[in-house]
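There are 2 protein chains.
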Amino acid sequence: MSEDYREMWGSLGLNLEAHQGLLAVLSDAYQGIYLSQENRPAAMQYFDFVVSEVHGLRIVELLKAKSEGKLVVGTFCVYVPEELILAVDGVSIGLCAGADVGTEEAEKFMPRNTCALIKGFMGFKLAGLCPYVESADLIIGETTCDGKKKAYEIFDEITKKVYVMELPNKKSDDGRLLWRHEIERLAEKLTAVTGKEIALDRLKEASRVVDAKRRALQRLSDARAHDPAPISGLDALLINQISFYDDPIRFTGKLNELCDELDERVRRGVGVAPKGTPRLLISGSPMAIPNWKLHSIIEQSGGIVVGEEACVGERNFRDLLGDFSTVDEAIGKMADRSIGINCACFTPNDGRLADINDMSQRLHSQGVVHYALQFCTPYLVEAHGAKNSVEAAGLPFLRIETDYSMEDVGQLKTRVEAFLEIVRQGRPS
Amino acid sequence: MSEDYREMWGSLGLNLEAHQGLLAVLSDAYQGIYLSQENRPAAMQYFDFVVSEVHGLRIVELLKAKSEGKLVVGTFCVYVPEELILAVDGVSIGLCAGADVGTEEAEKFMPRNTCALIKGFMGFKLAGLCPYVESADLIIGETTCDGKKKAYEIFDEITKKVYVMELPNKKSDDGRLLWRHEIERLAEKLTAVTGKEIALDRLKEASRVVDAKRRALQRLSDARAHDPAPISGLDALLINQISFYDDPIRFTGKLNELCDELDERVRRGVGVAPKGTPRLLISGSPMAIPNWKLHSIIEQSGGIVVGEEACVGERNFRDLLGDFSTVDEAIGKMADRSIGINCACFTPNDGRLADINDMSQRLHSQGVVHYALQFCTPYLVEAHGAKNSVEAAGLPFLRIETDYSMEDVGQLKTRVEAFLEIVRQGRPS
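Chains A and B supply the protein sequences, listed in that same order.
Residue numbering for the first sequence follows this note's numbering, beginning at 1 and increasing consecutively.
Residue numbering for the second sequence follows this note's numbering, beginning at 1001 and increasing consecutively.
Please note: incorrect hints may appear among the correct ones.
List of simulated lysine-lysine pairs, DSBU-like, C-alpha gap at most 35 Å [stated by the list, open to error]:
| id | chain 1 | residue 1 | chain 2 | residue 2 |
| --- | --- | --- | --- | --- |
| 1 | B | K1196 | A | K160 |
| 2 | A | K387 | B | K1196 |
| 3 | B | K1189 | A | K171 |
| 4 | A | K108 | B | K1196 |
| 5 | A | K170 | B | K1413 |
In silico contact screen, one side only, chain A against chain B (beta carbon under 8 Å); selected entries [stated by the list, open to error]:
| id | residue |
| --- | --- |
| 6 | F109 |
| 7 | T114 |
| 8 | D146 |
| 9 | K149 |
| 10 | I154 |
| 11 | V164 |
| 12 | D174 |
| 13 | A199 |
| 14 | L200 |
| 15 | P228 |
| 16 | T326 |
| 17 | P348 |
| 18 | T377 |
| 19 | P378 |
| 20 | E382 |
| 21 | H384 |
FYI, nobody ran anything at the bench for these hints, they're computed from the structure.
No residue lacks a Cβ here, since even glycine has one placed at the ideal position from N, Cα and C.
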């Protein structure tokens, strides 16, 4: 990134020296993990550019939007309806959470035994390294796990920007009603902050934008069902990560261009790895940018990742909002759509087990890698049921528990290689 | 305990050899921690007896109740209204969760990074060491933390007895309504299982029994406000632990006898430790029997524990249900009473901070020890706010994170001794 941004970063209160170091590390990692891949689709060039400007041009755009009176809203979770934010002319962005940054600072507030993602978002803020959290006017949290639920209390002490939506623990009628009311309350909150009512025409336009983004992500997912796979899991993961912070209209256009290229590759039988490369589905905890660890281990070990049953992945785009005739109807649909996401925060959550097997079948996955961040209790516990369910469907299952550090990469590589051998032999683990 | 129970334990499917070993360890621990205390109230004799028969006579009683057609209901949490269970002529008991037992078995199902209490209840069951879980006809779980919420899914797979109540994440109007409905559904469930309606007269009788128990526990708490303290924190903790599984009418009678003795001690200025002994309040995670670790360290180090802002403690008995004229009114009061408990599962939970300072003042505590089980995220995070709030009130604060093992006892003792020195000097930590 250019020197020209230093003034902007300084005005946002970032720690300039540490930030420069972070960008250098990220750039090296991107070079090593992404740009070293062979036979990438040409249209990935746009996404490479977006990553290179993740703390640059995109922040310029956010600050411009703010200067035009637009609300910048930071979120952490696919349960927050982006449509509402766009309907008040706001900008929705994911916040930095995917790297070990400011860990020591974060551990002054949070237990050491907290997952890397939560320590990450606290650490990025405390170390002055996230231009997104500094640009945000409002940060929307949600009660999806103990760690986030309680961290937001402290995050609000620090940022004074946090608004928490209550997600229920069960998908009961009462839980659904509570969640619907939470979405109504978010609409009221957004109106109160911006002075803009949620008007039907604006909401329809917002919904068209967000559903178009979801459709493009569905196209990307569908393309990965082919053998040979026309795109690497790493690149597909990156696009899913970028979907949380790029301008949605531009992103959708560029992703559809990429998908056209992928369709052409499929017609011509071109892939990023040979036909017959072992195909794996990943299921579990979210992977925030730049958490590319597991995909990179798998694809460097001779496998290919064909899907992510995860919030940074299929859960984010599988269901569209669809048509509606009134704001009230739209809010009901938003509540139904999002509570249809099978996050491990719910009990029971059998729908997720069905999702894993459905995705395996649709994407011709030959094995499931269950990924949980260390200390992410909901997914760590669900690994038990997922293993039983995947193996009952005849596929091998590998359970990975890790964090953002690189210390266990060698050990994970050994386990992944052994698993790929099992997959090649077509037997349950 | 007598050999006579072996047949009963065998019929419950316990692992007899391991069980004998457990009882021997417990008996030694009790001898060393409890019976070695000096100047105990004479009326503690009853509670000593109850502990000695915890897996014996009380189980005989439960099996007798079952043979008379009574429902035995196991619970883990103060949010489950005992009144409803008694109103259908059921017996309410807490389940074993206070010792490192069956850990290796439990870790086959739960992540290693799970709190000792949750691994404890899984482990007790899996190792065949809990006659309570075997006697129970129904086990009522609740969604108070990620670990329990997800563990109950697996616990139900294993026991086929689990019914989960959904507790909300916020004390909003919607959350309160959802919780009220959950209590109504529990009433329906208990009726469905027993064939007995929740009748007003039976519910009134049940409420009299439970409120009388709460009143007796309040008397015990009030007695501890005096200096010298007429009873040790260890003994008071034990009584609170026993309140979860003893027959409530007998328990209340015996506790009131003890309280009469404590009142007499107060009148005569008799204490278990000299006047002026440093007085500490403990606040945090629940301490299931036989988890006496922190109290025993504090009292062996020259301090006295004067109260527990905890579920095994004040949260369990502070508020009475009181009078009602209809079943519907009673259910509303049960919902209001229990959601008034300030568990760290709620966000925000500022009420707990006020409770800690109120209890400190009422009990003339000179310092607060914040106790969290390792991996108990909700309490570990709230330690941050509790420290600020306690120190703002002018009292020193000590943060303890531990488990059931004895490995850190030396280190904890050193920290507690240093804290007691600070307390003696009357300055914030």
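### Message
Restraint: P228(A) near chain B, CB-CB cut 8 Å. Satisfied or not?
### Response
Since chain B brings no Cβ nearer than about 37 Å to P228(A), farther than 8 Å, the hint is violated.
### Task
Grab the minimum C-beta distance from V164(A) to chain B and call the hint holds if it beats 8 Å, violated otherwise.
The hint holds - V164(A) has a Cβ within 8 Å of chain B, the shortest such distance being about 6 Å.
### Message
Is the interface hint satisfied for T377(A)? The criterion is a beta-carbon contact with chain B at less than 8 Å.
### Response
Where the cut-off is 8 Å and the nearest Cβ of chain B is about 4 Å from T377(A), the hint holds.
### Message
The hint names E382(A) as touching chain B; please verify it with the least Cβ-Cβ distance against 8 Å.
### Response
Result: holds, 7 Å to nearest chain B Cβ.
### Query
Are I154(A) and chain B close enough, Cβ to Cβ, to be under 8 Å, as the hint says?
6 Å, holds
#### Entry: H384(A) as chain B interface residue, shortest Cβ-Cβ below 8 Å
6 Å, holds
### Message
A closest beta-carbon separation below 8 Å is what the hint needs, so does T114(A) meet it against chain B?
### Response
Status holds, d = 7 Å.
### Query
Given D174(A) as an interface hint, is the shortest Cβ-Cβ distance to chain B below 8 Å?
4 Å, holds
### Message
A closest beta-carbon separation below 8 Å is what the hint needs, so does P348(A) meet it against chain B?
### Response
At about 6 Å, which falls below the 8 Å cut-off, the nearest Cβ of chain B leaves the hint on P348(A) intact, so it holds.
### Query
When you check the alpha-carbon spacing of K387(A) and K1196(B), does it fall within 35 Å?
It is violated: about 41 Å lies between the C-alpha atoms, which goes past 35 Å.
### Query
Should the hint that P378(A) touches chain B count as held when the rule is a Cβ pair under 8 Å?
5 Å, holds
### Task
Return the status of the interface hint for L200(A): holds when the least beta-carbon distance to chain B is below 8 Å, violated otherwise.
25 Å, violated
Hint check: violations occur at hints 1, 2, 4, 5, 13, 14, 15, 16; the rest are consistent with the structure.
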